[in-house]
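J.: Chains as they are written, first to last, in my numbering: chain X, 2 to 224; chain Y, 14 to 252.
No lab work stands behind these hints, which were simulated from the structure alone. You may find that some hints are simply not true.
What the hints assert, rightly or not - Output of the computed footprint for chain X on chain Y, the stretches with three or more beta carbons under 8 Å from beta carbons of chain X:
(1) 58-64
(2) 202-209
Said to hold, decoys possible - One side of the interface only, derived from the structure: several residues of chain Y facing chain X at Cβ under 7 Å:
(3) Lys-70
(4) Leu-74
(5) Gln-81
(6) Arg-82
(7) Arg-83
(8) Ser-111
To be verified - With a straight-line Cα cutoff of 30 Å, these simulated DSS-like cross-link-like pairs (lysine-lysine) come out:
(9) Y:Lys-99 - Y:Lys-21
(10) Y:Lys-105 - X:Lys-57
(11) Y:Lys-184 - X:Lys-57
(12) Y:Lys-70 - X:Lys-57
(13) Y:Lys-99 - X:Lys-57
This one's a predicted model, so the numbers in the text were calculated from it and none came from an experiment. Where a beta carbon is used, it is the ideal one built from N, C-alpha and C, also for glycine.
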Amino acid sequence: MMQVTQSGSFQHAAVLREFGCEHSLLSRPDGSASFVQGDTTVLAGVYGPAEVMVSKESFDRATLEVTLKPKVGMPGVAERSKEQCIRQTCEAALLTRLHPRTSITLSLQTVHDDGALLACCLNAACMALMDAGLPMHCLFCGVCCAIDQQGTIKLDPTAREEKESRAVMTFALDSTDCRVMMSSTKGSYTAAELQQCIAVCQRASESIFQFYRDSVSRRYCKA
Amino acid sequence: MLCCVKEKIGEAVLPGDLLAFEIQKSENKREKLICGPGLRRDGEDVFVCKSGILRHKEPNLYWIDLQQRRYVPAKGESVIGIVTAKSGDVFKVDVGGSEQASLSYLAFEGATKRNRPNVQVGDLVYAQFIIANKDMEPELVCIDSCGRANGMGVFGAGGLLFKVSLGLVRKLLSPQSEIVKDLEKIFPFEMVIGLNGRIWVKAKTTQQTLIVANILESCENMTTEQRRSIFGRVSENVL
Numbered sequence: 002m003m004q005v006t007q008s009g010s011f012q013h014a015a016v017l018r019e020f021g022c023e024h025s026l027l028s029r030p031d032g033s034a035s036f037v038q039g040d041t042t043v044l045a046g047v048y049g050p051a052e053v054m055v056s057k058e059s060f061d062r063a064t065l066e067v068t069l070k071p072k073v074g075m076p077g078v079a080e081r082s083k084e085q086c087i088r089q090t091c092e093a094a095l096l097t098r099l100h101p102r103t104s105i106t107l108s109l110q111t112v113h114d115d116g117a118l119l120a121c122c123l124n125a126a127c128m129a130l131m132d133a134g135l136p137m138h139c140l141f142c143g144v145c146c147a148i149d150q151q152g153t154i155k156l157d158p159t160a161r162e163e164k165e166s167r168a169v170m171t172f173a174l175d176s177t178d179c180r181v182m183m184s185s186t187k188g189s190y191t192a193a194e195l196q197q198c199i200a201v202c203q204r205a206s207e208s209i210f211q212f213y214r215d216s217v218s219r220r221y222c223k224a
Numbered sequence: 014m015l016c017c018v019k020e021k022i023g024e025a026v027l028p029g030d031l032l033a034f035e036i037q038k039s040e041n042k043r044e045k046l047i048c049g050p051g052l053r054r055d056g057e058d059v060f061v062c063k064s065g066i067l068r069h070k071e072p073n074l075y076w077i078d079l080q081q082r083r084y085v086p087a088k089g090e091s092v093i094g095i096v097t098a099k100s101g102d103v104f105k106v107d108v109g110g111s112e113q114a115s116l117s118y119l120a121f122e123g124a125t126k127r128n129r130p131n132v133q134v135g136d137l138v139y140a141q142f143i144i145a146n147k148d149m150e151p152e153l154v155c156i157d158s159c160g161r162a163n164g165m166g167v168f169g170a171g172g173l174l175f176k177v178s179l180g181l182v183r184k185l186l187s188p189q190s191e192i193v194k195d196l197e198k199i200f201p202f203e204m205v206i207g208l209n210g211r212i213w214v215k216a217k218t219t220q221q222t223l224i225v226a227n228i229l230e231s232c233e234n235m236t237t238e239q240r241r242s243i244f245g246r247v248s249e250n251v252l
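The whole structure should be built from the sequences, with the hints applied where relevant.
T.: Right under this line is the structure:
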C-alpha cells in the first residue's frame with residue numbers, strides 16, 4: 002500500500018527506498034528542486050535560458066552546462082563523468098532548438114551520498130528542469146540497481162551494498178515508452194543479467210513517474 | 014500518456030503527455046484549434062511540453078498555466094527595460110531575457126533625426142516588443158502603430174523597481190484583479206507592471222513605497238485570506 006506523507010515521500014513495497022522531493026526551495030535560480038532517496042540527497046538548481054558566451058554559443062540550440070559538486074573536496078574525474086551522463090540525458094529530453102544561442106546551466110550539489118547517487122542526480126535534475134518551466138518533450142528518471150556476489154538483483158542499493166556487489170548499473174529511462182536513454186555500468190555481468198536489470202528498473206520507474214505527477218498536481222493545486 | 018483533453022482541463026499535466034481532441038467527423042468544415050504556451054504540435058498529435066495546469070477558453074483555445082520565473086520575449090508584450098548602452102542609433106535595453114533588446118531612438122513619440130529623445134544609460138523604459146522570436150535579436154518600440162506613446166517611454170524618477178514571478182504579474186494585470194483593488198484602498202501610489210516580471214512602484218513617502226513593494230513580493234505565495242489579513246494589518250498601522 003502506498004502512503005503519501007506531508008513532505009511528499011513514497012514508500013513502495015520495500016523495493017525502492019523511500020523517496021521525496023521539494024520544489025522551488027532556492028530563491029535565486031529560475032528552477033530548483035531537491036530529491037531524497039533513502040539517505041541520498043541531491044540539490045539541483047537551473048538557470049536559463051540565459052546569456053551565453055560567444056565561444057560556447059550554438060546557432061541552432063541551447064547550450065547545456067552541468068556541474069556536480071561532491072559533498073567534500075573538489076570535483077574530480079568521477080564527477081566529470083557523471084556530469085557528462087546527466088548532460089547527455091538532459092539534452093535528449095529538452096527541446097533545445099526552441100532557444101538557440103542561449104545557455105541553460107544545471108548545478109547539482111550532493112548533500113549526502115548513500116548509494117545510487119547518479120540516479121538521484123538524474124531525478125533531481127528532471128524536477129528542477131520542470132520547475133524552471135523549460136520545454137521538454139518527455140520526462141526522465143534515474144534508477145540504480147546492483148548485482149551482488151550471489152547473482153540477486155538489488156534495486157536502489159545503499160553505499161555499503163554497492164561496495165559489496167559485483168556490478169552496479171544506473172539507467173535513465175524516459176516517461177513516454179520507458180526506454181533506456183542513458184546507461185552507466187560498473188563491474189562484471191552477463192548480457193542476460195543486463196536485460197533483467199533493465200526490466201526491473203523499467204518496472205520501478207513507473208512509481209517514480211507517478212510520484213512526479215502527484216507532486217506536480219499537489220504543487221499546482223495548492224497555489 | 015495519451016489522455017482525453019476534456020478530462021484534463023483544470024488538472025496538472027506533465028511534459029510528454031499526448032492530448033486527444035474529439036474531432037467531429039460529421040461536419041465537412043475543418044475545425045481550428047489554437048495551442049497556447051506549453052503545448053506543441055508533432056505531426057498529427059498535440060503534446061504537452063511544460064508542466065502546469067491545462068486551461069481552456071471557448072471555443073478552441075488551450076494552454077498550460079505555469080509558474081515560471083525566467084522571461085522569454087514574445088511579440089506584443091509590454092515590458093520594463095533598463096537602458097544599458099547607447100550605440101549609434103540604437104539603445105541596448107536589458108529586459109531580463111537571454112539577450113539584450115534593441116530600441117531605436119526614432120521609436121519614441123515626436124522623435125526625428127534632429128530631435129533625439131532624452132534617454133540616458135540606466136533609465137527605465139516601458140516599451141513593447143515589435144520583433145521577438147528565437148532566431149533574431151528582440152526589438153522594442155515606445156510608440157504604438159498610430160505613432161502615439163500611449164503610456165510608453167522613459168519613466169521612473171524616484172520609486173522602486175523590483176522583480177517578481179511571471180504568474181503574479183499576470184494575476185495583477187488581469188481585468189478584475191483583487192490584489193490591485195485591495196491595494197488601492199490602503200493608500201494612493203503609482204505602479205508600472207512589466208510582463209517580464211518587473212514592477213515599479215512610487216508612493217508619497219519612501220516608507221509607503223517600501224511597504225507596497227514588500228506586500229507585492231510576498232503576495233506570490235499567499236492565499237486570499239492570508240493576503241486580506243495582512244492588508245488589514247497594514248492599513249491599520251498606516252492610518
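J.: Each hint needs a verdict: does it hold in this structure or not?
T.: Structure-based check of all given hints:
no. : hint                 : in the structure
1   : 58-64                : holds (count 4)
2   : 202-209              : violated (count 0)
3   : Lys-70               : violated (18 Å)
4   : Leu-74               : violated (19 Å)
5   : Gln-81               : holds (4 Å)
6   : Arg-82               : holds (5 Å)
7   : Arg-83               : holds (4 Å)
8   : Ser-111              : holds (4 Å)
9   : Y:Lys-99 - Y:Lys-21  : violated (49 Å)
10  : Y:Lys-105 - X:Lys-57 : holds (22 Å)
11  : Y:Lys-184 - X:Lys-57 : violated (37 Å)
12  : Y:Lys-70 - X:Lys-57  : violated (41 Å)
13  : Y:Lys-99 - X:Lys-57  : holds (26 Å)
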